[in-house]
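Trainee: The lines below spell out each chain.
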Amino acid sequence: NAGVTQTPKFQVLKTGQSMTLQCAQDMNHEYMSWYRQDPGMGLRLIHYSVGAGITDQGEVPNGYNVSRSTTEDFPLRLLSAAPSQTSVYFCASSLRDSNQPQHFGDGTRLSIL
Amino acid sequence: GQQLNQSPQSMFIQEGEDVSMNCTSSSIFNTWLWYKQEPGEGPVLLIALYKAGELTSNGRLTAQFGITRKDSFLNISASIPSDVGIYFCAGPTGGFKTIFGAGTRLFVKA
Numbered sequence: 150n151a152g153v154t155q156t157p158k159f160q161v162l163k164t165g166q167s168m169t170l171q172c173a174q175d176m177n178h179e180y181m182s183w184y185r186q187d188p189g190m191g192l193r194l195i196h197y198s199v200g201a202g203i204t205d206q207g208e209v210p211n212g213y214n215v216s217r218s219t220t221e222d223f224p225l226r227l228l229s230a231a232p233s234q235t236s237v238y239f240c241a242s243s244l245r246d247s248n249q250p251q252h253f254g255d256g257t258r259l260s261i262l
Numbered sequence: 018g019q020q021l022n023q024s025p026q027s028m029f030i031q032e033g034e035d036v037s038m039n040c041t042s043s044s045i046f047n048t049w050l051w052y053k054q055e056p057g058e059g060p061v062l063l064i065a066l067y068k069a070g071e072l073t074s075n076g077r078l079t080a081q082f083g084i085t086r087k088d089s090f091l092n093i094s095a096s097i098p099s100d101v102g103i104y105f106c107a108g109p110t111g112g113f114k115t116i117f118g119a120g121t122r123l124f125v126k127a
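Top line first, the protein sequences correspond to chains A and B. So the first sequence is numbered by the numbering used here: it starts at 150 and just counts up by one. So the second sequence is numbered by the numbering used here: it starts at 18 and just counts up by one.
No lab work stands behind these hints, which were simulated from the structure alone. Glycine included, C-beta positions come from ideal geometry on N, C-alpha and C. Honestly, I wouldn't trust all of these hints.
Below, a sample of chain A positions facing chain B; criterion: calculated Cβ distance under 7 Å [what the hints assert, rightly or not]: (1) Gly189; (2) Pro210; (3) Tyr213; (4) Phe253.
According to the in silico footprint, chain A covers these stretches of chain B (three or more CB under 8 Å from chain A) [unchecked claim]: (5) 60-72; (6) 77-87.
Using the sequences provided together with the hints, build the complete structure.
Mentor: Right, dumping it as structure tokens:
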């Protein structure tokens, strides 16, 4: 049972490039979310989805797009990378909503030069 | 907006010591979650609390849901080197969002 799988684990981009961070879960969870983790700031919610075809904004959505075409996959797209988006990105899922504990992937470490 | 304030920010302790950390907010929460993050990994759930006043244990870990619903506490007894990591509190804000505290970094000296 893989749980939540994120790819890639590391990525370096140049300012202005676009990129998609992949996230997949095999637990048949309805709720999926993306967070970014910056030093001293905990995790901040970027976007979330309560099921296939349904997405909504979190706390820090600017510069990011998401889609949820299947229950399993929830990719995060950076449209035009900026140095301020250098961070560690975590995808998470839970059975139904954020009131339940979330299962996290191991993260993608992204550097924007 | 809603915020969770965790203290202390970091702790340096000797193996065998007990550890206490807390999480406070100006807002009421109906659920408190405690996660641990080890280097290079994502957070992992330690304890979930769903009722004011609830005291729940998981091995050497004990967490309490504050009676005012504005705070929560996590204690670790007889710390060991593998307790090293960042401990986060988290609270669902209603709807489908969860906010996290900034974390308490725990360092254990053998």
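Trainee: Compare the structure with each hint and give your call.
Mentor: Now for the hints, and whether the structure bears them out:
1. Gly189: Holds, because the Cβ-Cβ distance from A:Gly189 to chain B comes to roughly 6 Å (cut-off 7 Å).
2. Pro210: violated, 12 Å
3. Tyr213: Hint on A:Tyr213: violated, closest Cβ of chain B at ~15 Å, above 7 Å.
4. Phe253: Cβ of A:Phe253 sits 3 Å from chain B, so the hint holds.
5. 60-72: This one holds; 4 residues, not fewer than the three required, reach chain A with a Cβ under 8 Å.
6. 77-87: violated (count 0)
In this structure, the earlier hints numbered 2, 3, 6 are contradicted, and the remaining ones agree with it.
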